[in-house]
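Asks: First to last, the protein sequences are chains C, E and G.
Heads up, the first sequence is in the numbering used here, so the first residue is 1 and it goes up one at a time.
Heads up, the second sequence is in the numbering used here, so the first residue is 296 and it goes up one at a time.
Heads up, the third sequence is in the numbering used here, so the first residue is 630 and it goes up one at a time.
Rather than coming from a laboratory, the hints here were simulated on the basis of the structure.
A portion of the hints provided could be inaccurate.
What the hints assert, rightly or not - No more than 25 Å apart at the CA atoms, straight line, and that leaves these computed lysine-lysine pairs for DSS-like:
{"#": "1", "chain 1": "G", "residue 1": "K797", "chain 2": "G", "residue 2": "K1006"}
{"#": "2", "chain 1": "C", "residue 1": "K149", "chain 2": "G", "residue 2": "K797"}
{"#": "3", "chain 1": "E", "residue 1": "K393", "chain 2": "C", "residue 2": "K97"}
{"#": "4", "chain 1": "G", "residue 1": "K1019", "chain 2": "G", "residue 2": "K886"}
{"#": "5", "chain 1": "C", "residue 1": "K149", "chain 2": "G", "residue 2": "K886"}
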Amino acid sequence: MLEDLLFQLELGLPQVVLGLVNGAFYALLSLGLAVIFGMLNVINFAHGAQFMMGAFVAWMMLNWLGIGYWPALVLAPLVVGAFGVVLEKTMISRLYKLDHLYGLLLTFGIALIIEGLFRNQFGSSGMPYSPPEILSGPPVDLGFMFLPKYRLWVVVAALVMSLVTWLVIEKTRLGAYLRAATENAALVQAFGVNVPRMVTLTYAAGVALAAFAGVLAAPIYSVNPQMGSSLIIVVFAVVVIGGMGSILGSVVTGFGLGLVEGLTKVFYPEASSTVIFVIMAIVLLARPAGLFGRA
Amino acid sequence: MAAGHASVAALPALHETPGLLGLSALGFNRAQSIAFLALLAALIVGPFFLYPVFLMKLLCFALFACAFNLLIGYVGLLSFGHAMFFGMGGYVTAHAAKVWGFTPELAILSGGAIGAALGVVAGWIAIRRQGIYFAMITLALAQMIFFVCLQAPFTGGEDGIQRVPRGHLFGIIDLSRDMSFYWVVAAVFLAGFLLINRIVHSPFGQVLKAIRENEPRAISLGYRTDDYKLVAFTLSATLAGIAGGTKALVFGIATLTDVYWAMSGEVVLMTLVGGLGTVFGPAMGAAVIVTMQNYLAEFGAWVTVIQGVIFVACVLAFRAGVIGELGRVLKVRL
Amino acid sequence: MAQDRRSLLKGAAAAALVPALGAIPARARAQGSTTLKIGVLNDQSGVYRDVSGPGSVACVRQAIQDSGIAAKGVNVEVVFADHQNKADVGSTIARQWIDRDGVDVIVDVPNSAVALAVNAIVREKNKAYFNSTGATTDLTGAQCSPNTVHWTYDTYMLAKSTGGAMVKTGGDSWFFITADYAFGHALERDTTGFVTGAGGKVLGSVRHPLQSTDFSSYLLQAQQSRAKVIGLANAGTDTINSVKQAAEFGVTRRGTKIAVLLMFINDVHSLGLKAAQGLVCTESFYWDLNERTRAFTNRVKGNMGGQYPAMSHAGCYASVLHYLKAVADMGAPAAKASGAEAVARMKAMPTDDDCFGAGQIRADGRKLHPAYLFEVKTPEESKGAWDYYKLLQTTAADEAWRPLAQGGCSLIRT
């Protein structure tokens, strides 16, 4: 009996670790979505495409300019973030007073355009991208499993990034302005804060987070134009389960769902992409505003 | 939906205008009567100028979009899972026609029946929540149905159900010719279209609109709004099932594409492009999107980009949709 | 009368153009002027773009040029469209092409749902259909048609070549990572048959949803089974992600082989040799196989947007080339009148082309040619761009495909 249990544990523990690695991506992506939704009230459907852009910008930097992984980790989010600034200034800013549906549709259209252009340029099967030298090499022995160094780095990077984002929004003066602006933009504007610029930068920051996740993903997932669209629906579910706009909620839910999905992959792998939606339905029925949301 | 609110506010005044040729009995105002006659004429002469299979596909999607519009346009509920009714309707109709040997009218009705059954269950779960959460619950349920369709043996996995016979209408009239089946599809569409219009203009429909405008007030007036929402949801699901079933017979196939979440997104787009909450908008939107899919196919890789550009343009410049904008220019409700 | 006047005007305009255009219009006028139309229906904007897409169109154009059919007074036009991986879009285009635009042949068609839908339409309308990128054996089995030739590969042939040959080289215990849909199931089922038939055993399998991103969990389960071979019964992005992550986890470092049951050379290109080295896979065409394949590749590659032709592209080329030979043999009007007749003529004639060499088409529509088991080279072994494969084993044409009697094709009397 005990042996049975130990065997199950031996089988399950590595899956838990792998689940956390995937959860790190869900957390990072839903974090960006939550920031954008929380501050702008826009459901950013282009998030998956921006994630893909991050990975491709890293690839282009390496192959066209000879810029390696580490600089790309900083530069690619800046480039894609700048693209976000343009999007916000020219299009998204016109939709703030309208229903969510329009923001969703606009960003959906933008996602189609980005994806189509990349597919025309780079084809559909994708590009190779290797992990940096220091993080490649033989996997680390954790005692119960071998884990590639790069995956450990992914978890660390995602956690640090989530923490930084949370600190900026909850603990800094800038974050306080932001939160105030979502409550009453006119009042904050009256205090001499440039609200439109702040909103633009918030969108850019959310987009940059997606691009950061994209660069992180490039060495382990296939870098192809549709890499974001297959993730986006799952990430939506994560954000909704966590509570729309809740930073803490999206991080915790991201990691949590990665874990649940990892375990499903052992016991009922066919359902591993459906399980998240089952959880979403249950959570929404029990707690309408999500696990961490304020009703 | 702010635009929807504004135009609805203008409703009573325009509603007074008399109908045409007794079409007001169907709930149409004067402009709508003219538009309806134009639609009728297009339905009749269409197949002589355009490719009938293309027109049939268009009509199936038009009915699907009209059914969807019943929910979003008149009750204000955005379902992001309507593909489950459309796709399952297709599967059940295809299975009924191919394996059980049902005649086409019975096969299509069984598609509607599964839509209704699913609609009652999904609606009962989903109407407890509002706005984006309602959308997400319907999405979650649709994803589960997709999983069932992927796993269930009768759907044929990604190969789909192929070579579904159209059969004989009432067991007598051979429908294998495109032109003969066209009239059946046109009749199904027209029946669905008029039914939705009838519902919208009935006392029941007025209560739905009241719920959309202000649910707490509707409750305080003594209406059990949840019951109304559930009935509307089920009606919409039933018609979506019928649309899906008809489409399965048009092409002789039922595949996973129609249950996939992207299909739920597509019907939102159709309705929006045509004009939310307008009578003729969804059909127009379906026509635009289906035509785009068909005729852009020759642009190869640019299909996605062009579609994206059109959606962006719609949201930024023509938010009321084709019909909504047209109505604004002509100062009528369409 | 208006019609007459218009054609008169057209004639006058054409006459005015003749001196400017030189010999071409003169020749077009000289022939009886039968025009054949070939429609390339495939994925131009989705996941199968690289293995079908514009490359297939270029290969079909190449086949028309190489056939020299224009000199025999037959004009061949090419149209193409994107089916967007939707069976209804594919059906509408196919029907419209045939009914309205006078298309005689439909070529390529990846995605089995669309492939089977088009199969039924072409049969109903009595045109010709050459499927190259589709994988389902149903095209020559339960849904076989006198109007269809299935050219390049199918799940049975992939399973037989990879499954059978791997056991012979010592890979006698298997674990499958299978995409959870009919294509994956068929591959796993057939390969299991050949593995056990050759004395190997299957230790387990795991089924993942289509378009998963993370495969590490499945790879770990495969490793824990201690199987010598991990069989990937999936395709496209799923395969690329599986292989990439297998390299990351060092799965092959301890001697485990990875057999990819369906891989195209574009997938290897996309993975890079660093991640793909040592993989084993089956293809029926490789550009660097022999003189003839290299000659073909040199002719066509300038029109393929920097890509080298994959086996699916080669199949489009070879099927159209063979069709045009049959057309030259039976006369274009007869070929146009009946697709079934044209396909019957194609079956009656032995095939020979630069891509697949000599071969033939069986009564059920199955094109027969050898299947090649390749291993992906290491970065050191590779001498240049697209130099990716070394040949491990060849399965002869008469052994590689599902025996006629097993397919259950209604065209065959048993």
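Asks: If a hint holds in the structure, say so; if it doesn't, say that too.
Replies: Each hint tested on the structure:
no.	hint	in the structure
1	K797(G) x K1006(G)	holds, 20 Å
2	K149(C) x K797(G)	violated, 36 Å
3	K393(E) x K97(C)	violated, 51 Å
4	K1019(G) x K886(G)	holds, 16 Å
5	K149(C) x K886(G)	holds, 23 Å
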